[in-house]
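Residue numbers (my numbering): 1 to 333.
Think of the hints as simulated: they come from the structure by calculation, not from any bench.
Some hints could be false.
Said to hold, decoys possible - No farther apart than 20 Å at their CA atoms in a straight line, the calculated lysine to any residue pairs in the SDA-like style are these:
#1 Lys234 - Arg216
#2 Lys185 - Gly212
#3 Lys185 - Arg165
#4 Lys234 - Arg148
#5 Lys234 - Thr150
#6 Lys185 - Pro195
#7 Lys185 - Asp202
#8 Lys185 - Thr232
#9 Lys234 - Leu215
#10 Lys234 - Gly217
#11 Lys185 - Gly168
#12 Lys185 - Pro211
#13 Lys234 - Val145
#14 Lys185 - Arg198
#15 Lys185 - Arg148
#16 Lys234 - Arg246
#17 Lys185 - Leu129
#18 Lys234 - Pro135
#19 Lys234 - Asp146
#20 Lys185 - Lys234
#21 Lys234 - Pro149
#22 Lys185 - Arg246
#23 Lys234 - Pro195
#24 Lys185 - Val169
#25 Lys234 - Arg298
#26 Lys234 - Phe327
#27 Lys234 - Gly297
#28 Lys185 - Gly207
#29 Lys234 - Pro130
#30 Lys234 - Glu58
#31 Lys234 - Asp47
#32 Lys234 - Gly245
To be verified - Pair ranges (Cβ atoms, derived):
#33 Gly212 - Gln93: 41 to 47 Å
#34 Gly168 - Ala249: 35 to 41 Å
#35 Pro195 - Glu49: 29 to 35 Å
The structure displayed is predicted, hence computed values, not measured ones.
Every residue, glycine too, gets a C-beta built ideally from N, C-alpha and C.
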Amino acid sequence: MRRVAVDVMSGDRGVPELVAGCVEAARRGWAEVVLVGRPEAIEPCLDGEARRLPIAIEPASDVIGMEEAPVAAVRAKREASVVVACRLVRDGQVDAAVSPGNTGATLAAALLVVGRLPGVERPALPALLPTGARPSLLLDVGANVDVRPTHLVDFGRMGSLYMERVVGVQRPTVGLLNIGEEETKGNRQVQEAFPLFREAEDLHFVGMVEPGQLLRGEVDVAVADGFLGNVTLKVLEGMAEVLFGRLKAELRLGLRTQLGAALVAPRLKALARSLDYAEYGGVPLLGARGPVLVAHGRSNARAIASAVRSAATIAESGLWQALSERFGTRKDG
Numbered sequence: 001m002r003r004v005a006v007d008v009m010s011g012d013r014g015v016p017e018l019v020a021g022c023v024e025a026a027r028r029g030w031a032e033v034v035l036v037g038r039p040e041a042i043e044p045c046l047d048g049e050a051r052r053l054p055i056a057i058e059p060a061s062d063v064i065g066m067e068e069a070p071v072a073a074v075r076a077k078r079e080a081s082v083v084v085a086c087r088l089v090r091d092g093q094v095d096a097a098v099s100p101g102n103t104g105a106t107l108a109a110a111l112l113v114v115g116r117l118p119g120v121e122r123p124a125l126p127a128l129l130p131t132g133a134r135p136s137l138l139l140d141v142g143a144n145v146d147v148r149p150t151h152l153v154d155f156g157r158m159g160s161l162y163m164e165r166v167v168g169v170q171r172p173t174v175g176l177l178n179i180g181e182e183e184t185k186g187n188r189q190v191q192e193a194f195p196l197f198r199e200a201e202d203l204h205f206v207g208m209v210e211p212g213q214l215l216r217g218e219v220d221v222a223v224a225d226g227f228l229g230n231v232t233l234k235v236l237e238g239m240a241e242v243l244f245g246r247l248k249a250e251l252r253l254g255l256r257t258q259l260g261a262a263l264v265a266p267r268l269k270a271l272a273r274s275l276d277y278a279e280y281g282g283v284p285l286l287g288a289r290g291p292v293l294v295a296h297g298r299s300n301a302r303a304i305a306s307a308v309r310s311a312a313t314i315a316e317s318g319l320w321q322a323l324s325e326r327f328g329t330r331k332d333g
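Build out the structure end to end from the sequences listed, making use of the hints.
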């Protein structure tokens, strides 16, 4: 059984909610869980049954807040929960770590404490998008606002390995996110990256893709810089919230509508689950030396349990070995 450290002091929901998610993951046998934080805050959340599960506590006396400057806080707060969780990954005491706290601090801790894989110039943060029978991957969604064209190609390589090892997609297709499918469209960065993608023999590159194609599942991996990727992700999240809010309001309007709603409710619930971040739990910073997963700041118990499961799955998948082999021996810089 894989061992996963969880920063239970961060996030918006509080320690009891996060511990409950960890307990659920341990109860389901997804992983052995190490709760990282203040013991006096964690222990009251563990009942008799939880204490019999594969759960341990790793003391961490400090916390990095959502408003703190990430790099400065990671360097100053050596006993912060996210820093301690990353240290456990670095020292090989756990297979992966999860934090629902300050995203920038989690990324900074992953790079400053765990370190960066040799050969990786810019790690990338991916996001799984529900697009039908299987998800698509969008990266980068916020780790790097400014990148070079060569970095985008590396994002495509990391995303392809993720889809192969974790999702099980053979020879995943890769597209470059753009304002149109034509080669002549896009800014200078995209224009310079396009021929590099086309020349990359280890990628199944299918050309430029628009956001609509990504949602329709026409590409397995969509590559963008962290600015465009983050804006795209937030627009999709906001659109999903608005659409489901309007749909719920419409379904309450009358008896006939309510009867119809009862008939389609199972389908709607399945769709809602596929769009819910709690189903995926968290995503890893690709390019760090070990798996460190960023969970949503609003993560509830179900989302944390899913993040633990994702962390264990990623650790088991061989993704990190594949990344190390691909980038550690590279000859193209």
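| task | With respect to the beta-carbon atoms only, verify the hint that Gly212 and Gln93 lie 41 to 47 Å apart. | result | Once the Cβ atoms are compared, 45 Å apart, the range 41 to 47 Å for Gln93 and Gly212 holds.
| message | Need the status of pair Lys234, Gly217: alpha-carbon distance at most 20 Å? | response | holds, 18 Å
| 20 Å Cα cutoff - pair Lys234, Asp47 | Violated, at roughly 38 Å.
| query | Going straight from one Cα to the other, do Lys234 and Pro149 come out at no more than 20 Å? | reply | The hint is violated at about 23 Å.
| query | Lying within 29 to 35 Å: is that true of the beta-carbon distance Pro195 to Glu49? | reply | violated, 59 Å
| query | When you check the alpha-carbon spacing of Lys234 and Thr150, does it fall within 20 Å? | reply | violated, 25 Å
| said: Need the status of pair Lys234, Phe327: alpha-carbon distance at most 20 Å? | reply: The hint is violated at about 30 Å.
| Taking only the CA atoms, is the gap from Lys234 to Glu58 under or equal to 20 Å? | violated, 34 Å
| query | CA of Lys234 to CA of Arg298, is that 20 Å or under? | reply | At roughly 15 Å apart (the allowed maximum being 20 Å), Arg298 and Lys234 satisfy the hint.
| task | With a cut-off of 20 Å on the C-alpha distance, tell me whether Lys185 and Arg246 pass. | result | violated, 35 Å
| field | Distance restraint between Lys185 and Arg198, which requires alpha-carbon spacing of 20 Å or less | value | holds, 16 Å
| query | Given the proposed pairing of Lys234 with Asp146, does the C-alpha separation stay at or below 20 Å? | reply | holds, 18 Å
Violation of the numbered hints given earlier is confined to hints 3, 4, 5, 7, 11, 17, 20, 21, 22, 23, 24, 26, 30, 31 and 35; the remaining hints are satisfied by the structure.
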